[in-house]
Amino acid sequence: MRHGYFAKIGFKHIKLEIMIGPIISSGIVSPAWDNIFAVILGMGFGFALESSGFSSSRKIIGTFFGYDFVVVKVFFTAAIVASVGLLYLSYFGLVDFSLLYIQPTFLTSAIVGGIIMGIGFAMGGFCPGTSLAACAVGRIDGMVFFGGMFIGVFLFSESFPLFENMYYSGSQGAKMINTAFGISPELFTFFLVLAAVGMFFGAAWVQKKVKKVEY
Amino acid sequence: MERKYTILAVLLIVLALGLVILPKKKELKETDPKVLLSAITEKLRFLSADLVTHRIIEKDPTLMLIDLRPATQFKAFALPGAINIQPESLLTSETMELLNQPGKDKVLYANSDIQAEKAWLIGTRYSINRLYILKGGLNEWYNTIIKPAEASSTASSTDLDLLSFRNAARQYFTGAGQTNETSSAKAPVKVNVVRKAPEAKSGGGC
Chain W
324 MRHGYFAKIG FKHIKLEIMI GPIISSGIVS PAWDNIFAVI LGMGFGFALE SSGFSSSRKI
384 IGTFFGYDFV VVKVFFTAAI VASVGLLYLS YFGLVDFSLL YIQPTFLTSA IVGGIIMGIG
444 FAMGGFCPGT SLAACAVGRI DGMVFFGGMF IGVFLFSESF PLFENMYYSG SQGAKMINTA
504 FGISPELFTF FLVLAAVGMF FGAAWVQKKV KKVEY
Chain E
71 MERKYTILAV LLIVLALGLV ILPKKKELKE TDPKVLLSAI TEKLRFLSAD LVTHRIIEKD
131 PTLMLIDLRP ATQFKAFALP GAINIQPESL LTSETMELLN QPGKDKVLYA NSDIQAEKAW
191 LIGTRYSINR LYILKGGLNE WYNTIIKPAE ASSTASSTDL DLLSFRNAAR QYFTGAGQTN
251 ETSSAKAPVK VNVVRKAPEA KSGGGC
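Those protein sequence lines, which keep their order, are chains W and E.
Heads up: the first sequence at position 6 corresponds to 329 in this note's numbering, and the numbers run straight through without jumps.
Heads up: the second sequence at position 118 corresponds to 188 in this note's numbering, and the numbers run straight through without jumps.
For reference, chain W alone in the conformation it holds in the complex:
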């Protein structure tokens, strides 16, 4: 969306436009750029994963054994920085909140999928993105994990009619967690930041108590 403001300079009226995001949904950039942005962002994401050490399954599995909480810290940091940033950008009129794409919630499949992914995460020491980062740097365990994931995706796709009803059940639409709690997004973000900071200190405390693992 563009907000127009008119300025009178001499005898001419010049329209000054302030662009606000999201730039694709608001029509500032053509949707044809969608995949190009996806590739650029994906490369950046992969680079960040690798540079944070996420291509090591031992680093990721450290969360479950209490010797390395970097995964939890990185994802919580991403969540709170993005939430606070988006709300400020929206407050100052630089992002149109209503144009953001919200992933629809399907409760049953989210719970079942979450359990399966959690088990895979704990067993393999990777999630889908980090396994690709591990593949990229030549780690064998990452390649095995990615192969297994690919077989799982293939089997799920082939047997989709069996799971279809479960897949679509519990549809909640594009639901925001703050509306589920009946509070404003700002208040929810404040509580989320408090919880994240509490978790950062808690994780540091646990890490001190647990025997350091060299890897």
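These aren't lab readings, by the way, just hints derived from the structure by calculation.
Keep in mind it's a predicted model, so treat the numbers as computed, not measured.
Be a bit skeptical, because a hint or two may be false.
As the list claims (entries may be wrong) - DSBU-like mimics (lysine-lysine), calculated; alpha carbons at most 30 Å apart, straight line:
1. Lys129(E) x Lys498(W)
2. Lys74(E) x Lys532(W)
3. Lys129(E) x Lys205(E)
Put chain E on the given structure of chain W with help from the hints.
Using the frame of chain W, we list chain E on its own:
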């Protein structure tokens, strides 16, 4: 925890607290008259009965149907999943919060276009995005989906496909098997509709 991380944590808490205590923005931001005028001339604000029906059958979670008719008519019959909002309560804070939900296509309908057009104008003026009108209202929807016209002998394959979709949709909504049946629309009956897998969209996660 290292000192630099403690400082960053405190900074984030202060920023988040700032969000809570900042004065709330004016609830209703008005659209620039020129932008509004240009939106009025756009035909894209109308969604056809076929398209809306397709999205209802697909159980599209981004679709929000808003029925603007009186509550008595709404109770008698409404499109599946529709919410009844009276035009006079369109600008209340509860309704505005509902209409400003992100990620939803809000489709307004009444018996004809007139009421929905008025509501669309008010909503668009107050910067509600992704607001649409069911073209022709419930009357056109009924004539298109529940009482579809017979195909002419020279109908193209596209027209025949469309008619076949309408017949399937009619069965979805009424359970009836015959074309041109005059029975009114009843409560939706579950039929086996082959759904397409949802389009892959960028999601979160790692």
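Outcome of the hint check:
1. At roughly 15 Å between alpha-carbon atoms, Lys129(E) and Lys498(W) fall within 30 Å of each other, so this suggested pair holds.
2. Between the alpha carbons of Lys74(E) and Lys532(W) the distance comes to roughly 22 Å, so the proposed pair stays at or under 30 Å and holds.
3. Our distance criterion of 30 Å between C-alpha atoms is met by Lys129(E) and Lys205(E), whose separation comes to about 20 Å.
Violated hints: none; the structure is consistent with every hint.
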